[in-house]
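Visitor: Residue numbers (our numbering), protein chains in the order written: chain A, 70 to 194; chain B, 57 to 469; chain C, 3 to 315.
These aren't lab readings, by the way, just hints derived from the structure by calculation. Any given hint could turn out to be false.
[Said to hold, decoys possible] Covered, in the sense of this in silico footprint (three residues per stretch, anywhere, with C-beta under 8 Å from a C-beta of chain B), are these stretches of chain C:
hint, region
1, 27-33
2, 86-96
3, 197-203
4, 277-288
[Unchecked claim] In the DSS-like style, the derived pairs of lysine-lysine whose C-alpha atoms are separated by at most 27 Å in a straight line are:
hint, chain 1, residue 1, chain 2, residue 2
5, A, 134, A, 119
6, B, 233, A, 86
7, B, 109, A, 148
8, B, 226, A, 75
9, A, 148, B, 337
10, B, 383, A, 148
11, B, 286, B, 383
12, A, 148, B, 233
13, C, 72, A, 75
14, B, 286, B, 397
15, B, 92, C, 293
16, A, 87, B, 243
17, B, 243, A, 75
18, C, 5, B, 250
19, C, 32, A, 87
20, A, 119, B, 350
21, C, 32, A, 86
22, B, 228, B, 243
23, B, 233, A, 87
24, B, 378, A, 119
25, B, 350, B, 337
26, A, 148, B, 79
27, B, 243, A, 107
28, C, 58, A, 75
29, B, 378, A, 148
30, B, 337, A, 119
31, A, 161, B, 337
32, A, 109, B, 459
33, A, 161, B, 397
34, B, 304, B, 346
35, B, 346, A, 119
36, B, 286, B, 233
37, A, 107, A, 181
38, B, 233, B, 243
39, B, 243, A, 86
40, A, 161, B, 446
Built from N, CA and C at the ideal position, the CB exists for glycine as well.
Spelled out, the chains give:
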Amino acid sequence: MSRPGKIARLLIQSFFKKPATGNYPADRSGMPEGFRGKLKFNPQMCIGCKMCMRDCPSGAIEIIKLGEKQFEAHVNLAKCIYCGQCVDSCLKHALEVTAEFELARLDPAQLKVILNAANKATLKE
Amino acid sequence: MHNSEHYSEDVKIPMGPQHPSLKEPESFLISLRGEKITASSVRLGYNHRGIEKACEDRTYTQGLYLIERICGICSHSHSTCFSQAVEEIAGVEIPARAKYLRTLIGELERIHSHLLWLGVAGHEIGFDTLLMYTWRDREVVMDLLAALTGNRVNYGINTIGGVRRDISSKQKEEVLKGVAILETQTKYYIDLAKNETTLLKRLQGVGVLSHEDAVRLDAVGPTARACGVKRDVRKDDPYAAYAELDFKVISVNSCDVYGRTLVRLGELMESYSLIRQIISKIPEGAIAVKLPRKIPAGQAVSRYEAPRGEDLHYVRANGTEKPDRVKVRAPTLANIQSVSKMLEDRYLADMPIVIAAIDPCFSCTDRLIAIRDSRNKEKNTVTWETIRLKGIEWYKGQGIDFKSLNKKLTESF
Amino acid sequence: MLKALFHILIFPGLGFLFVFGFFVEYADRKLYARFQNRIGPPWFQPLADFIKLISKEEVIPEEADSTVFKLMPVFAITASAAAILYIPTLGERSVFAFSGDVIVVLYLLTIPTFTYFLGGWYSRSVYSMIGAVRSLTQLFAYEVPLFLCILAAALLADTWSLSGMVVFYSHHLGYWFCNIIGFGVALICLLGKLEKVPFDIPEAETEIVAGSFTEYNGKLLAFIRMSFNIEMVAGASLLAAVFLPFGLHLPAAVMFLFYLVQIIFIVAVISFLRSLFARVRLDQMINFCWKYLAPLAFLQVLFNLILKVVLPR
Chain A
70 MSRPGKIARL LIQSFFKKPA TGNYPADRSG MPEGFRGKLK FNPQMCIGCK
120 MCMRDCPSGA IEIIKLGEKQ FEAHVNLAKC IYCGQCVDSC LKHALEVTAE
170 FELARLDPAQ LKVILNAANK ATLKE
Chain B
57 MHNSEHYSED VKIPMGPQHP SLKEPESFLI SLRGEKITAS SVRLGYNHRG
107 IEKACEDRTY TQGLYLIERI CGICSHSHST CFSQAVEEIA GVEIPARAKY
157 LRTLIGELER IHSHLLWLGV AGHEIGFDTL LMYTWRDREV VMDLLAALTG
207 NRVNYGINTI GGVRRDISSK QKEEVLKGVA ILETQTKYYI DLAKNETTLL
257 KRLQGVGVLS HEDAVRLDAV GPTARACGVK RDVRKDDPYA AYAELDFKVI
307 SVNSCDVYGR TLVRLGELME SYSLIRQIIS KIPEGAIAVK LPRKIPAGQA
357 VSRYEAPRGE DLHYVRANGT EKPDRVKVRA PTLANIQSVS KMLEDRYLAD
407 MPIVIAAIDP CFSCTDRLIA IRDSRNKEKN TVTWETIRLK GIEWYKGQGI
457 DFKSLNKKLT ESF
Chain C
3 MLKALFHILI FPGLGFLFVF GFFVEYADRK LYARFQNRIG PPWFQPLADF
53 IKLISKEEVI PEEADSTVFK LMPVFAITAS AAAILYIPTL GERSVFAFSG
103 DVIVVLYLLT IPTFTYFLGG WYSRSVYSMI GAVRSLTQLF AYEVPLFLCI
153 LAAALLADTW SLSGMVVFYS HHLGYWFCNI IGFGVALICL LGKLEKVPFD
203 IPEAETEIVA GSFTEYNGKL LAFIRMSFNI EMVAGASLLA AVFLPFGLHL
253 PAAVMFLFYL VQIIFIVAVI SFLRSLFARV RLDQMINFCW KYLAPLAFLQ
303 VLFNLILKVV LPR
């Protein structure tokens, strides 16, 4: 037995409830734990095997040798697909993912970041 | 009404490639007489990205992420199907816990896809309210998937040999809570679909495909199950953990868009029960086995029941770490041939909902199709190098020179 | 003379209609969003849309008839703005009342639909032509019940002037109740006239892109949207004047408040109905209008005729 306007009760209930829209950017509660965002690099553990570079599907990460047993990672945030395969491939667990996802920038040059001993992302000169 | 002989020739209206009702580009050419459709034809190929060729240049692990991005909504289906094919070639059996986890994510993806479809169907018939409510409920599933796998779409949970992440007991509870909320909402939508007059008027009797036509035109998935064709890969050819789980194949006999709606709503309820079984039955153990980088020579075909129907992957390995040939046959390719049949003698207003009812995913569909002309006996294959040179020549004729373009691109990136 | 100019240009003419049109569009969109559990646009959204559209470049298709194309939005706005001059908004009499102005108002409110048809037909694009034909076909379905309901109320009041009807009903407040069926039918027909779901068939976004307005852009599109808003105000004022004759013997400020409340009430009902239904097909709509709405309207006419004979003057 069909009647038109069956959804009426739900509409009137919704009218008096708070809207279901999340209040971003005022409320930056972020993504759930374990969300794959920007990479973090621990230079002390890196041995320069470059397995992460072999397995990266898009060629976004590059390991540069600075000196004896000293490495830094150059990541192109635009090419990275945030799959986390480099984290799994690394034999020494030198890479990990953080949940940082607000990575958009107006200048494409700012998307090439260097992760090094200071462990702060600095701009590539 | 009017005598149809008095009309002059039919109006040909293009629907697509860009059209507000199509979520992805595809070209339908419709001949209209007044408001009635007299003929329609489909043209594919706008979404071809060369994925099958690109897989031959990448290792199996890299190719897995590429295959996953064939489609956003059925990404786990493609990724699991590919992994299953490679694991079959390598002759490796993945651990039981990995099978259950793959099934769990697969069923969550099915829920996400069917709720998305409900919203899209509502939008195509002008019922935006249904769109807003179903997509609000879909956020529950998206948040669950983000917590379990690390991303809302393109989950990346598979690896060749198992899965990459484990599930904790806290996450299991969250899944059960989310499923309980969704079950209440789905029961409301089923009630709505059965009782709302304007919805019934727009969906019943529209897009009729008889049982014989469904079998002849090789329809798969909910499109076929609404016509009484009880085909479901999960029952016919069980993969992952489906052999040990208990569920029904939902099928109705009404052969129209309303039947497809009911089938999808029924599958949602079955998914909730399947998820509960998985959470209670999941065995302990490892989540992956390590596979060597080089897969021995061999070939395999693997099938998977994607939310849209049967997904087929063929992989041929040649002993190196890159595959020799990968072929993907998505469910929409099988379903799209029935669209012309469904549109015979219908109104223009039924066009969007009939196309939406097969749940089209044109990104999945556009792969390489080889057409052999049986009259022309000699083999007419074109090599990669010939195509490349022809392309460069054509663009030169249009005034575009690739040498300078390439230089600019490599400098800026 | 100056007073007439004031009424035509400021109140209740173009100036008032522009501002009130924005407000009515905001109310409609906000209510629609709240029914769907969303937040909805801020109060200045319709004004921002208008300014943005006016600042865009106008592209007229080569094959379209550019004179007709450019004139139609102007005609749509002027017809609805002219109609409101004969509808009582503040008080019992409208600005230029005369006997027979019910017919004038009803025909003036039909003109916008014709302009949408002509604008779409002369755009020469396949989608616009289908949309144009659909809007005319829809016109034949909802016009008759709407006319009958208004005329039924006029019959009971024994006058052909809208202002005369308002005078009659405000003095005999009990008779308001006799027109209830007419009010219901007229609300549904107003949905058809304003081309809102479930009767937004001429502008079905998922089938024919934007119907008659597919080729419109820039200033002309801004005026078309404005004409929709003004038509909503004029239609709602007509219904409020005929079927909701309350609060008409009070001081001017309170009367204006009553008028605002009545318009917002009708807009709220329209928004609610808009979010409640799916879009129906054209043949189903014509079926529905001729099977259910027209007989109800006839019933209302019959009822009012009998009442006129039976009740004492």
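Visitor: Decide, hint by hint, whether the structure agrees.
Guide: Structure-based check of all given hints:
1. 27-33: violated (count 0)
2. 86-96: violated (count 0)
3. 197-203: holds (count 4)
4. 277-288: Result for this restraint: holds, n = 10.
5. A:134 to A:119: Distance ~11 Å between residue 134 of chain A and residue 119 of chain A Cα, so the pair holds.
6. B:233 to A:86: Roughly 22 Å separates the two Cα atoms, so the pair holds.
7. B:109 to A:148: OK: residue 109 of chain B and residue 148 of chain A at ~20 Å, within 27 Å.
8. B:226 to A:75: With a Cα-Cα distance of about 38 Å, the restraint between residue 226 of chain B and residue 75 of chain A is violated, given a limit of 27 Å.
9. A:148 to B:337: 40 Å, violated
10. B:383 to A:148: Satisfied, since the Cα-Cα distance of roughly 26 Å is no more than 27 Å.
11. B:286 to B:383: It holds: about 26 Å lies between the C-alpha atoms, which stays within 27 Å.
12. A:148 to B:233: At roughly 37 Å apart (the allowed maximum being 27 Å), residue 233 of chain B and residue 148 of chain A break the hint.
13. C:72 to A:75: 43 Å, violated
14. B:286 to B:397: 20 Å, holds
15. B:92 to C:293: Given that 27 Å is the threshold and the Cα spacing comes to 22 Å, the pair holds.
16. A:87 to B:243: 23 Å, holds
17. B:243 to A:75: Satisfied, since the Cα-Cα distance of roughly 14 Å is no more than 27 Å.
18. C:5 to B:250: 59 Å, violated
19. C:32 to A:87: Since the Cα atoms of residue 32 of chain C and residue 87 of chain A sit roughly 14 Å apart, the hinted pair holds (cutoff 27 Å).
20. A:119 to B:350: The given pair, whose Cα atoms are some 18 Å apart, holds under the 27 Å limit.
21. C:32 to A:86: Holds - the C-alpha atoms of residue 86 of chain A and residue 32 of chain C are around 14 Å apart, at most 27 Å.
22. B:228 to B:243: 23 Å, holds
23. B:233 to A:87: 21 Å, holds
24. B:378 to A:119: This hinted pair holds, its Cα atoms lying about 19 Å apart.
25. B:350 to B:337: The hint is violated at about 34 Å.
26. A:148 to B:79: 25 Å, holds
27. B:243 to A:107: Status violated; Cα separation ~40 Å.
28. C:58 to A:75: 42 Å, violated
29. B:378 to A:148: Holds, at about 22 Å.
30. B:337 to A:119: 40 Å, violated
31. A:161 to B:337: 34 Å, violated
32. A:109 to B:459: 38 Å, violated
33. A:161 to B:397: Violated: residue 161 of chain A and residue 397 of chain B sit about 59 Å apart, past 27 Å.
34. B:304 to B:346: At roughly 35 Å apart (the allowed maximum being 27 Å), residue 346 of chain B and residue 304 of chain B break the hint.
35. B:346 to A:119: 19 Å, holds
36. B:286 to B:233: 32 Å, violated
37. A:107 to A:181: 12 Å, holds
38. B:233 to B:243: Holds - the C-alpha atoms of residue 243 of chain B and residue 233 of chain B are around 16 Å apart, at most 27 Å.
39. B:243 to A:86: 21 Å, holds
40. A:161 to B:446: Distance of about 48 Å is beyond 27 Å: violated.
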